[in-house]
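Student: Residues per chain are reported as follows:
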Amino acid sequence: MLIELKNIFKWVNSGGNRFFLLKDINLKIEQGAFISVMGPSGSGKSTLLNILGMLDTFDEGDYYFNGQPVHQLKEKYRSRLYKEHIGFVFQAYHLIDELTVYENIETPLLYKKVSSPERKALVSDMLDRFNIVGKKDLFPAQLSGGQQQLVGVARALISKPKLLLADEPTGNLNSKQGAEIMELFKRLNQEDGVTVVQVTHSEKNAAYGSQILELLDGRIISK
Amino acid sequence: MIKNYLKIAWRNLWKRKTHSLICIIGLSLGLTSCLLIATVVLNELSYDRNWSKSNRIYRLITTDKNFNTKTAYAPVPIAPEFKQDFPELENYCRMVSQEGAFKFNKTGETSITYLNAEETVWDLLNFKVLNGNPSVYKEGYPNLIITQKLKEQFFPNTDPVGQVIKSVSNYETAKNYLITGVIETLPTNSFFQSEAIVVEKLNPGNNVLNPRGASTWAQQFFLLRHDASPTQVAKQLNTWFYQKMKGTSWNLEFSLQPLQEVYLKSEAITSQKTKGNLMHLQVLSGIAILLLLIACINYVNLTTARIDVRAKETGVRKILGADRKVLFVQYLCESVLFFFISFCASLVLYLFLLPIVESFIGHPLSMNLLNHAPSVYTSVIALFLLSVITGIYPAILLSKPDPHVTVSKGHEVKRRNVVFQKTLVILQFAITSGVLIASLTVHEQMNYLFGKDLGYEAENLVRLDYTEYGSKAAFFKNELLRIPEVEQVSISRWYLPENGGTGSMEMEDPMNSNNKVKVWFINGDKDLSKTLRLHLVQGRNLDDPSLGGPSNTSENDTVANPIANPILITQSTAKRFGIAELNKPNKHLDAIPVGIVKDFHNQSLRSPMLPTVISLSKDAHSGYLLMRLSSGASTRVINKVKAAYQEFYPNNSFNLSWVKDGLEKEFRAEAKLQTFIQVFGGIIILLSCLGLFGLIMYMVQHRVKEISVRKVLGASVTQILVLLSKEAILLIILAVLVAVPVVWYGLDQWLRGYVYRIDLSGKVFVIGSLIIVCIAMITMSFLTLKAALEKPSQNLRTE
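Quick note, the sequences are listed as chains A and B, same order.
Just so you know, we're using the numbering used here here: the first sequence kicks off at 1 and counts up by one.
Just so you know, we're using the numbering used here here: the second sequence kicks off at 224 and counts up by one.
Mixed in with the good hints there might be a few duds.
Here are the simulated BS3-like cross-link-like pairs (lysine-lysine), alpha carbons at most 25 Å apart as the crow flies [to be verified]: (1) Lys535/B with Lys83/A; (2) Lys623/B with Lys74/A; (3) Lys535/B with Lys160/A; (4) Lys76/A with Lys623/B; (5) Lys112/A with Lys230/B; (6) Lys76/A with Lys535/B; (7) Lys306/B with Lys424/B; (8) Lys113/A with Lys623/B; (9) Lys83/A with Lys230/B.
Hints are computed from structural coordinates only; laboratory data are not their basis.
Model, not experiment: these values are computed from the prediction.
Build out the structure end to end from the sequences listed, making use of the hints.
Tutor: Below, the structure written as structure tokens:
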């Protein structure tokens, strides 16, 4: 079991009222699963994804990642955990504008203090695999949206994560580009065994996953 | 990793060119100003530190307790006599800086400043000898040791050592001098600044103390033994002096002034011409610190203004695994890079501006970044520290944003840091308005001093140096009067404007016999008051025919005249001495007042006006010649005067100066300081505007949505402008309110140093504050107008 959420609650207090973002979430994700999270705006999809990715905290409940109790871990260990095992892909790509394609992909390795020759080998592999060797010296602004997202995925995968979290990865792409990214996710999941959790609005994209999770007002209404 | 940081920093800098340019311009201006001021200040502080025995040399200072005045001159036999009794005094040298003309070559005379010293000068000051063996005195003529500069000027290809040259003097007959050596040109940062040294054997009278009186012609420098304490030696000297001089009426106290303080800490020694002003240095250093502070505040404000842009990067990097420490270092590196780029730019500016500053202050700065390696190292280290200290706040702020806040859609960075930014802007504008108000006040005071009615007309008045006119005096005056542009000529014993008169005397106060009053006496011929254009209020002028006629009449006529000792007095003198009726002998003044003139400033405006008496010298055959020229007189007239002078006195040297120049010289240091304050004050204002620009940019960015919504709801452009500017204007008014009391106090203290001064008026403060507010509004309007005019649809769509 890669992830286990038990009775997760998250709320914000506004004007004396407690407003729940997530309510009593219970969820188990097996290693190698491909889950699509769906639901209308404000249903808590992104919040759930951020909590899974340890970017955000929750107010109540237990979270076990790979058997480790995340809710009890100190910031330092938590950060080490997600540095090691989790990769992110965003709707707005969030590439660093000042860095080239090559450097964007390399950055996570820098923060993991991987040695220079090893970095070089890993990044070259990744560029090859995604067929973007020719674009390695370009800046994000010089790429199309689909290419940028490709770089975003390559960057998320460079540190060989167990879990890939994607927040509407195709939201800013046209349907053809979107389909390519989805195919890529599917391949990664099937060939490399990467666990994928994606948030999406589109039924078509959701169908790439092995399981669909529907949220409404912070609750899971169907699995 | 550092390489990576610098690479990113460089790309960031390059990408936001306008922002980077504003930052770099601001920092470079601040740093350049600071480097230039530091160079000036360090040079002033470095005077006379280079002599190998510098820290053992002291100057003998005399305080006259009767008059409470300080001079650097003391009875010259003190040093040799004291040395015989006290081994603590290892050696001494009596010397004085003089001006004199020499005939270095056949073509003409050259006026130079030289140090007139005795042989021991070689033991005290280690001049670098380039040629000859000047430390061994050569009998025959006084020895003349010239500097390399003079050698190159007059003996470029010959060896001057051994040559005999003549002096030219208006006081005495020409003397021969033997050149015995060439020394390296003295550094500019020395009190002993001169082009040559004259070493003379003094006659034995200079070595014996005489209770009846002693000459005080030279300054005395003491070289103390290594273990001697200067205060102890001064104490011994005072007791020893009064034991030796039993029954003397002198009431002197001696003290020893370290050589290194002679230049900068001689405020009380009024006769000293080569000296710095510690207060001015403090003002300059203050300005440099303020400039640096403002430049750094600017950097902080402009950098943190971009937090919105950078927050995303921070968030993404955190998601990619960066922890806050790493990002902190990255942002700090950016600051360091910015500072070093600005430093390079400011070094280039420094190279261009240094010669301008040098020519402005009037002498080269011998210690600067080009030839003094330690100051380069120090400034690089200081710059690094400064960049780190300044960079800490932006780095903390920029590395803070949480990843999930920045990467999720519709994020908003909280505006909590704005209090700190506002404080910085208040501080900045408090400094700016303070500097502006101070600069306006200094300007007013200087205008007041330069424009004040002196009671005589200094414009178009020239002075010839002391000359023995002899029996030809009257003819020479007539000759000058034949030049059409010369209106009046007078020979007096008044070295105008450097001295207050021929001399001054302490006399019993006629109103209160316990008190003493100082009276100035000016001794001149009958034409003096006309030449000065003094304003006669009552009675007769001294050229009145009933007073004895022209100066060359015989003594019999004078005796026959009923008024033997006629004087002119000023109005305040008449009041002080209770003189209501003229032509009656006054027992206090021991003369007969025949006329009263309007008060005039015979001394510089630094001293209060004292009772002044002009007495008639009937045979003015020597002294200073004052000449009133018609307005607009040119150098052609001066040449005519010179020709006449040289015809009458061919062996003399002709030295002419404008009285107006002399008056301006008195306040030259202040005028220069004023220019410094104005220039750097301008830079301070400019930098503050850049900082304000940064803050407003930040505020506008945050309120784009608000502005758009307000516009959709029907707000006019003016209403938006008021909305955006209101807060900043309030901040600036607050800043002005903070500054005013501080500046008022400081300016009040400064003005107290002047006898004649303006009253601090609220007007200057109001004008200064208004100027600041206006400048701030103009600066802001660039951004606020743009924001107010933008189409709301665009901003709302992107939300």
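Student: Next step is simple, just say for each hint if it's right about the structure.
Tutor: Results for each hint:
Taking the CA atoms of Lys535/B and Lys83/A, the gap is about 18 Å. The hint holds against a cut of 25 Å. Among the hinted pairs, Lys623/B with Lys74/A is consistent with the structure: their alpha-carbon atoms are about 18 Å apart, no more than 25 Å. For a cut-off of 25 Å, the pair hint linking Lys535/B to Lys160/A stands: about 24 Å separates their Cα positions. Distance restraint check for Lys76/A and Lys623/B: the Cα-Cα separation of roughly 16 Å lies within the 25 Å cut-off, and the hinted pair is therefore satisfied.
A distance of roughly 19 Å separates the Cα atoms of Lys112/A and Lys230/B; the hinted pair therefore holds under the 25 Å criterion. At roughly 22 Å between alpha-carbon atoms, Lys76/A and Lys535/B fall within 25 Å of each other, so this suggested pair holds. Taken as a hint, the Lys306/B and Lys424/B pair is honoured in the structure, with Cα atoms around 18 Å apart against an allowance of 25 Å. Using a Cα cut-off of 25 Å, the hinted pair Lys113/A and Lys623/B holds, with the two alpha carbons roughly 22 Å apart.
Our distance criterion of 25 Å between C-alpha atoms is met by Lys83/A and Lys230/B, whose separation comes to about 24 Å.
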